[in-house]
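Please put together the full structure from these sequences, using the hints given.
Number of protein chains: 2
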Amino acid sequence: MTQNRTLKLGFILHGVGRTWDDWRHPERDVRASTRFSFYRHQAKIAENGKFDFLFVADSLSINEKSSPHYLNRFEPVTILSALAGATDHIGLVGTVSVSYTEPFNVARQFASLDHISHGRAGWNVVTSWLADTAANYGRARHPAHDERYRIAAEHLSVVQGLWDSWEDDALVGDKKSGVFVNPDKLHRLDHAGQYFQSRGPLNIDRSPQGQPVIFQAGASEEGKNFAARHAEVVFCGPHTLQEAQSYYKDLKNRAHKLGRDADLPFILPGAAPIVGLTEEDAEARYQELTALTSIETGLGFLARAFNDHDFRQYDLDSPFPDVEHIGNESNQSASQRILERVRADNLTIRQIALELATPRSDFIGTPTQVADALQNWFETKGADGFNIFEALPGQLELFVEHVIPILQDRGLFRREYEHETFRENLGVPFPVNRYTLNRAQAS
Amino acid sequence: MTQNRTLKLGFILHGVGRTWDDWRHPERDVRASTRFSFYRHQAKIAENGKFDFLFVADSLSINEKSSPHYLNRFEPVTILSALAGATDHIGLVGTVSVSYTEPFNVARQFASLDHISHGRAGWNVVTSWLADTAANYGRARHPAHDERYRIAAEHLSVVQGLWDSWEDDALVGDKKSGVFVNPDKLHRLDHAGQYFQSRGPLNIDRSPQGQPVIFQAGASEEGKNFAARHAEVVFCGPHTLQEAQSYYKDLKNRAHKLGRDADLPFILPGAAPIVGLTEEDAEARYQELTALTSIETGLGFLARAFNDHDFRQYDLDSPFPDVEHIGNESNQSASQRILERVRADNLTIRQIALELATPRSDFIGTPTQVADALQNWFETKGADGFNIFEALPGQLELFVEHVIPILQDRGLFRREYEHETFRENLGVPFPVNRYTLNRAQAS
Numbered sequence: 001m002t003q004n005r006t007l008k009l010g011f012i013l014h015g016v017g018r019t020w021d022d023w024r025h026p027e028r029d030v031r032a033s034t035r036f037s038f039y040r041h042q043a044k045i046a047e048n049g050k051f052d053f054l055f056v057a058d059s060l061s062i063n064e065k066s067s068p069h070y071l072n073r074f075e076p077v078t079i080l081s082a083l084a085g086a087t088d089h090i091g092l093v094g095t096v097s098v099s100y101t102e103p104f105n106v107a108r109q110f111a112s113l114d115h116i117s118h119g120r121a122g123w124n125v126v127t128s129w130l131a132d133t134a135a136n137y138g139r140a141r142h143p144a145h146d147e148r149y150r151i152a153a154e155h156l157s158v159v160q161g162l163w164d165s166w167e168d169d170a171l172v173g174d175k176k177s178g179v180f181v182n183p184d185k186l187h188r189l190d191h192a193g194q195y196f197q198s199r200g201p202l203n204i205d206r207s208p209q210g211q212p213v214i215f216q217a218g219a220s221e222e223g224k225n226f227a228a229r230h231a232e233v234v235f236c237g238p239h240t241l242q243e244a245q246s247y248y249k250d251l252k253n254r255a256h257k258l259g260r261d262a263d264l265p266f267i268l269p270g271a272a273p274i275v276g277l278t279e280e281d282a283e284a285r286y287q288e289l290t291a292l293t294s295i296e297t298g299l300g301f302l303a304r305a306f307n308d309h310d311f312r313q314y315d316l317d318s319p320f321p322d323v324e325h326i327g328n329e330s331n332q333s334a335s336q337r338i339l340e341r342v343r344a345d346n347l348t349i350r351q352i353a354l355e356l357a358t359p360r361s362d363f364i365g366t367p368t369q370v371a372d373a374l375q376n377w378f379e380t381k382g383a384d385g386f387n388i389f390e391a392l393p394g395q396l397e398l399f400v401e402h403v404i405p406i407l408q409d410r411g412l413f414r415r416e417y418e419h420e421t422f423r424e425n426l427g428v429p430f431p432v433n434r435y436t437l438n439r440a441q442a443s
Numbered sequence: 001m002t003q004n005r006t007l008k009l010g011f012i013l014h015g016v017g018r019t020w021d022d023w024r025h026p027e028r029d030v031r032a033s034t035r036f037s038f039y040r041h042q043a044k045i046a047e048n049g050k051f052d053f054l055f056v057a058d059s060l061s062i063n064e065k066s067s068p069h070y071l072n073r074f075e076p077v078t079i080l081s082a083l084a085g086a087t088d089h090i091g092l093v094g095t096v097s098v099s100y101t102e103p104f105n106v107a108r109q110f111a112s113l114d115h116i117s118h119g120r121a122g123w124n125v126v127t128s129w130l131a132d133t134a135a136n137y138g139r140a141r142h143p144a145h146d147e148r149y150r151i152a153a154e155h156l157s158v159v160q161g162l163w164d165s166w167e168d169d170a171l172v173g174d175k176k177s178g179v180f181v182n183p184d185k186l187h188r189l190d191h192a193g194q195y196f197q198s199r200g201p202l203n204i205d206r207s208p209q210g211q212p213v214i215f216q217a218g219a220s221e222e223g224k225n226f227a228a229r230h231a232e233v234v235f236c237g238p239h240t241l242q243e244a245q246s247y248y249k250d251l252k253n254r255a256h257k258l259g260r261d262a263d264l265p266f267i268l269p270g271a272a273p274i275v276g277l278t279e280e281d282a283e284a285r286y287q288e289l290t291a292l293t294s295i296e297t298g299l300g301f302l303a304r305a306f307n308d309h310d311f312r313q314y315d316l317d318s319p320f321p322d323v324e325h326i327g328n329e330s331n332q333s334a335s336q337r338i339l340e341r342v343r344a345d346n347l348t349i350r351q352i353a354l355e356l357a358t359p360r361s362d363f364i365g366t367p368t369q370v371a372d373a374l375q376n377w378f379e380t381k382g383a384d385g386f387n388i389f390e391a392l393p394g395q396l397e398l399f400v401e402h403v404i405p406i407l408q409d410r411g412l413f414r415r416e417y418e419h420e421t422f423r424e425n426l427g428v429p430f431p432v433n434r435y436t437l438n439r440a441q442a443s
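Protein chains in written order, with full-length UniProt numbering: chain D, 1 to 443; chain B, 1 to 443.
Computed footprint of chain B on chain D, listed as stretches where at least three residues anywhere in the stretch have a Cβ under 8 Å from a Cβ of chain B: (1) 55-63; (2) 177-186; (3) 199-213.
Using 20 Å as the maximum straight-line C-alpha spacing, the simulated EDC-like pairs for lysine to aspartate or glutamate come out as follows: (4) D/Lys65 x D/Asp308; (5) D/Lys175 x B/Glu64; (6) B/Lys65 x D/Asp169; (7) D/Lys176 x B/Glu296; (8) D/Lys185 x B/Glu64; (9) D/Lys249 x D/Asp263; (10) D/Lys175 x B/Asp29; (11) D/Lys176 x B/Asp29; (12) D/Lys381 x D/Asp263; (13) B/Lys65 x D/Asp190; (14) D/Lys175 x B/Glu288; (15) B/Lys176 x D/Asp29; (16) B/Lys381 x B/Glu243; (17) B/Lys175 x D/Asp29; (18) D/Lys65 x B/Asp174; (19) D/Lys65 x B/Asp169; (20) D/Lys185 x D/Asp169; (21) D/Lys65 x B/Asp190; (22) D/Lys175 x B/Glu296; (23) D/Lys44 x D/Glu418; (24) B/Lys175 x D/Glu64; (25) D/Lys176 x B/Glu288; (26) B/Lys185 x D/Glu64; (27) B/Lys175 x D/Glu296; (28) B/Lys175 x D/Glu27; (29) B/Lys65 x D/Asp184; (30) D/Lys185 x D/Asp174; (31) B/Lys176 x D/Glu296; (32) B/Lys44 x B/Glu418; (33) D/Lys175 x B/Glu27; (34) B/Lys176 x D/Glu27; (35) B/Lys176 x D/Glu288; (36) B/Lys381 x B/Asp250; (37) D/Lys65 x B/Asp184; (38) B/Lys175 x D/Glu288; (39) B/Lys65 x D/Asp174; (40) D/Lys176 x B/Glu27.
Just so you know, the hints here were simulated from the structure itself, not pulled from any lab data.
Computed from a predicted model, the values in this text were never measured in an experiment.
Ideal Cβ placement from N, Cα and C applies to all residues, glycine included.
Below is the structure:
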């Protein structure tokens, strides 16, 4: 760990809401998910709060059971590119699946975003786990869970290889001699692997960050190994500090064993603070949120984690049934997590369902209480920072106005953006171009 | 034809230049192709000039022989999304290949762009013909020329089908009842064709235009048939008014035979006006451009059209050799066009090479002369409008300041944007959602 370790904060743009029911809040705009002005407004508030980055999640299929923020959403690269022109400092991170994209296209789009934003692009690498996604993409079925991470690793290596096509000084642009590019510094990748082939070079100059920042959210065994090896920032979804510490330790150990810098990857649990000006105010806001949710929503969460198993067939107030064998192969991490949580407190079906629908987190309270909780997770090795969801309309403003200044006063968070690029502001090393490095090592 | 037929004008954003050599002009920024501020600046000038749309072309591979504007370029959807936030009225049209993309991804990105821009998206549908493109994409080789158009037609039909997933009023968002979407108005496509399958529905609400505008640039026989059937706007590259009229008549006839509205598709030749304040000024500017080009560049054009044939083996001032048999199968339209031009005026190798490098067009002269030429092409059925290239730095400003007002005074071009969406401003009918139409016809 460095001496001046500070919090990393991301803000998740999720449009209409983040749960199944919160779009029904009186102040939610039901069309927010495709309203650019809404995204731009939130982006500017987050940038005023000196957040490290904005994050746009993704998913690739819907059905009649999908929640509102899945049903209707911007494609991430598109909305992030639009936000690049509306912001100046904040990082722009988006999910793009390796399962249904060509590495050459992904490399170009993120390199373009990195140029447009003057070095603020980040890619959250995912494998697409929803069972019916494959049906939208000309493939009969998803590859198996472990194979998906082999595909992901190869896809990522091709994208990163293509990002190195142009050395930093390859574009010469000498009008006198007529030399536009130095051919010795423009490189083919010539990748021919198990799942992909790509010759290169990429048809866009090296971008300001050299390599956009790599995000990942590994939860399964293969996912955590992938994150430990490849990610610079990792998202996770622990429900308690203890879960967070356990994940944090596990992932940092995996990364350390792989020889990576002790600081990396940065680990950012999701957090949906509910800030009130008093404790009572905060509790009232939390109750406002719970009043919007239904047991049906919780049962829906359960069903999706267990291969669409119908939990309504049981007495909801009886002990949780033995359903381990029906954990969905493609979603094993979610079902395992639920089973562990159930066992820990011996929860009934109703209890776990409601908890899944509206979890009560550590981050509910006055600005000082929320700042204390964030600091506690940060200092007890549960987190390097947080990926902040807006639990209720207005919470982003409250967080920026009241919580951020406390974190700043405590020396835990920046007062100004200090660097040009996202990578530098985040404190992730600048990757030297592989060909430049080879040349330096050879000479 | 309608009574009040007016010009359609697009402006091509091409960054560093549009020829092999024009980047060497003293006022060109050699990094313009990846400079967002340059694109934004040009976009705003074009919007001040009330242009119908901005256009971003594309290509998917480079090698050591590629020209500067191919070597380094933005991915079109990314830069257009950024420009969506920087403009208010102008259409945003980009090339995306059907050869190396998934219809579901393309449908999402253009639907997102259409939402972000409040109804200003257009898709230029291309099949990727450069011989070494396939090498960047995990495929051994390109499909044959005619098969590529079958792929294109199916790809487009899937994208357009997915754009109809949501009927106009599918998103209900009734907070009281908890109904977010009307399931009767959210549709699966269930496409399973020869090249693609996609179930749907698309995970984004119907966009303001319903269907982004479809552009195409058919030059080969299959290409022209595709354009006649599917395109709402067609780009072409005639070198003379006669060529333009011949293409115009041919394509409108093909479209008419297919039962399409007599106005559609709109046909827009490319034009690179060189406007001077006097005739001498215009000629001096043209000479400024020719001074930048070399015979090598012209020979390069020839070589690419004829399967990399080396024309340096001949006396450049002798009659054009018999090379018809080496016309590139994947590029037959370019080689045919060159051969026809050579035969028409019995050109030598040097003559055709130099003409290819810096063609002298009808659109060089004073503002009135340029306006006259544009009007002449328009009124003699050579064009419904033009896709304007900037031949030299500053030409866009000159065109907007001096030529547009003449066209406006003559009633040939709008003074203000009159509608909200690109489609309406362009005068292309709004496509009724297929499911809504079916329901209306059934009742």
